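K.L.:
Next come the chains, spelled out residue by residue.
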Amino acid sequence: MALLEARNIEKRFADVQAVAGVDLDVEPGEIFGLVGPDGAGKTTTLRLLVGVLDPDQGHIVVDGLRVDKKPEEVRERLGYMPQQYSLYGDLTVAENLSFFADMYFVPRAERKERLARLYRFSRLEPYRKRPAGKLSGGMYKKLALSCNMIHSPKLLLLDEPTTGVDPLSRRELWDILYAFAAEGVAIVLSTPYMDEAERCHRVGLMSRGRFLVTDRPQVILERFPEEMFEALVPDVQAARAALRKTESVLRSYPSGEVLKIACRPATGSEAIRQALTEAQVSVVQVERVRPTFEDVFLSTEAREP
Amino acid sequence: MRTRIPAVARKELLHILRDWRTLSMAFVLPMALILIFGYAITFDIRDLRLAVADEDGTRASRELVERFAASRYFKLVAKVPHAEELPGLLDDGTAQIAMAIPERFAENLERWEGDTVQVLFDGSESNTATIAAGYVDTIFAARNISAVKDLLARAGLPSAGIPPIDTRVRVWFNPELESTQTIVPGLVAVIMMVVAALLTSLTVVRERELGSLEGLIATPVRKHEILIGKMLPYLLIALSDCVIVTLLGVVVFDVPFAGSIVLFLATALVFAVAGLSIGLVASVVASNQLLANQIVVLTTMLPSMLLSGFLFPVKSMPEWVQAITYAVPARYFITICRGILLKAQPAVDLVRPTLFLILFGTVLLTLAITRFRKKL
Amino acid sequence: MIAVKAEGLVKRFGPFTAVDHVSFEVAQGSIFGFLGPNGAGKTTTIRMLCGLLAPTEGRATVVGFDLAREADRIKENIGYMSQKFSLYADLTVKQNLEFYAGIYRIPLRKRAGRIDLALRIAGLRGLEHRLTATLAGGIKQRLALGAAILHEPRLIFLDEPTAGVDPASRRDFWDLIAELRSQGATVFVTTHYMDEAEHCDRLILIYSGRKIAEASPRELVTNVLEGSMFEVTGPPPAEVVRSLQGKPFVKNAQIFGSVARVLTEDGPESAGRLEQNLSETGLPEARVRPVRPRLEDAFIHLIEREDALIADSGGRTR
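Residue numbers (numbering that gives the first Met the number 0), protein chains in the order written: chain U, 0 to 304; chain P, 0 to 375; chain R, 0 to 317.
Note that these hints are calculated values from the structure, not bench results. Quick caveat: nothing in here was measured; it's all calculated off a predicted structure. Everything hinted at is true.
Keeping only pairs whose Cα atoms sit at most 30 Å apart, straight-line, the calculated DSS-like set for lysine-lysine is:
hint, chain 1, residue 1, chain 2, residue 2
1, R, Lys-93, R, Lys-109
2, U, Lys-153, P, Lys-373
3, P, Lys-342, P, Lys-314
4, P, Lys-373, U, Lys-69
5, P, Lys-374, U, Lys-69
6, U, Lys-153, P, Lys-374
7, U, Lys-68, U, Lys-153
8, R, Lys-109, R, Lys-83
9, R, Lys-4, R, Lys-83
10, P, Lys-222, U, Lys-68
11, P, Lys-222, P, Lys-374
12, R, Lys-109, R, Lys-74
13, R, Lys-93, R, Lys-83
14, U, Lys-69, P, Lys-222
15, U, Lys-68, P, Lys-373
16, U, Lys-68, P, Lys-374
17, P, Lys-373, U, Lys-133
18, R, Lys-83, P, Lys-374
19, U, Lys-133, R, Lys-83
20, U, Lys-128, U, Lys-153
21, P, Lys-148, P, Lys-74
22, P, Lys-222, U, Lys-153
23, P, Lys-222, U, Lys-111
24, U, Lys-111, U, Lys-133
25, P, Lys-374, U, Lys-133
Next up, chain U with everything else stripped away, as it sits in the complex (with noise of 0.2 Å):
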């Protein structure tokens, strides 16, 4: 049985349909990944999750409990970190922890056995003294988590966990994503940055409150029907300007150095060559690339309506 089921989730703020219809099956151990930019409805479909704010439709259910029916039996199982500072600032590090293992009840004989454990994962150790707000944007992140799985919850929800800290802390932050996924935990987490849909072991690309598609991110790949190369032209614009002739081409847009281009299968690059030579564009190499998260995002977005 899943660990997480969402079923037909729908919730309207004023006239904006923040989420419209979201089915969502999470397993124990799993890392479900919810991809899109602001506005997409991540942070609303989680706060839903959690039952913090309560659905206008659909139901929402978790360790076989109901969300709506039994509220506090739910969140004894799960943890939540929402997207901006929710720890006190004031408190410092041993302090935040130990307040919220108060919450959980957590038992004091546990407890160090416990705290030990996540200092160990978070490296906080020598901090446990400071207070939280004088943290580093990672080590706050990192914190936070700890916190959360002080009472070793089932579920965990992260809105956009790894969002404007050092690439150092993020790698460290997935590291201790992973084990506890090992251990069992599911994991719902929300991000912005398409290249994290990667880490994930499934993931929603969401965008306007539903998903666009919804799989492992290895199959959204091999499964994108389109193929992507980038050519390295000195002159982009008239590069471009070529391509946009180019029926096979979709579409190309310039990044720092090189021309992104995405055709239609089975294009190939000589073609590519072909086209921009024939215009009279300089190429130095166009080679084949693997396709991006942003440029299925890309794409599907632009099929939408």
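Given chain U, put chains P and R in place with the hints provided.
P.N.:
Chains P and R in isolation, oriented as in the chain U frame:
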């Protein structure tokens, strides 16, 4: 039974101790208030500036002037020969009161023909004028009675039937009529109410603004655990303020403490809960700290100062306003305070106001808990 | 031609050093990127260069004017788009542009033309009379950019211009920037998005207020990271990482979704070595494939090196 209240209370205490702004509001403000109010507000009028025109110039008239000059309520600032000069002295502010003693004052007195001493008051401050008029009457009354006694004595008649009269009117329980004694008990109530409500009004709303509320309500903590837990440290502060303000009143302003300390603290506790609950309601209802602040000022500060009997007696308000005062918790605690401090009233006499306060606290706290939702 | 020259810029707020001796040069007509996490000092640096914040130490020359003495001249010649949307939500698109046209004192006879140009460049034609509050995030950003270029500045500062914006709008926005560059403007961008940084001609990596690299995105990825990057599929990535722990020629191995990404020491021949190693440790079904390192890998490598330097000199790390 397991409860999260101590954990929430502990955390709130840490926040308070680490925030110098809250701490100063909790302790410095009350002390400042009582010192300001204690020294500045007084209904006693002293050293009223008196100008006299003595057109008689006899021993009797001089003696009359002496009575006034000797009284601590009056200060002789001008003696002029003619009554016509007096209005000028009132106009230019040299004198607040002008007294004109006519010619043949002593003569008429000897002949037991009443005479008129004209006293003029600067009425631009009607409070002062009214009170001053009272003092003047008292002095004249005293003078008349002592004149009668003299007469009887000279006629050889016993004056035993006429009791000796003091120039000062004795007011029951407040012989000095020291207004600080009336004010300070009221002040204790007002300060407690305002500080308690202000402090709690910020607590929930601040977490909402800072963002920590979202994380907190996602835990299994119950609504009542959050609100009661948050209230407890402020209860401690409110009671401390009560003790501090009362102590200052007793030590600095000589306010008596006639009654039971235990009773006082117990009723103060009940009153504090009522005040804190108002703040909690504001904190739960308001969407931002500014709004919470305004709600509290409107519902506690103004009514406590104006409608509780602190400055103005309730009985002299219009009927419909009196009805409103029943909804002002400070009113009941002022009654209790004055009762314990000044009259040493026992518990049995204070049951009614105490019950009102308990009712208040319960209703408001329940309102706060019901209105508070663990939702965004 | 140099658009910006910064020499040893330092900014301290009390005991905290936000910008720590940062020096660089920006060539005219290029897209220059400041890449780093939140709190690294990017916004502070931009504010100094715009003349909004006085540096504690150091000097800079911006569009030919000295920062210390001619800050006002600088402001007249640059466009600035702040991180937080700072236009007026209760004004229409056109009203906002008219307001800024007035602020920049664009001569009246040129005003209509410039506003029209801004509308066109920002793709806002047809939206002139829409209330700004009703616009979607991506469109608001374009409006902010339009307002920043009304006075034809030679240098444009963009502070996190596309944070949170959807990919399509982000692409459009970068098209805009490319067009501005083709008109001769220099664009200075700050961002914490790794993939966005790849749009820039040249990048500076900022970490804890210090510059830890300056190069083009391609150079960073090929030169900075000494080694080869591979993707290992087949066995569970956690097992792959575990089995490669401590192997001398493996510089780094980490889980990435359902694959493992491994950075090894030598050249591409190490693919074979990797495969051999994995099968010897009981993972014969592992398949190894060379992949291009990402900017993030380069950044992490540089951060680790930086942290090691700090640790060696006895200082405090993150």
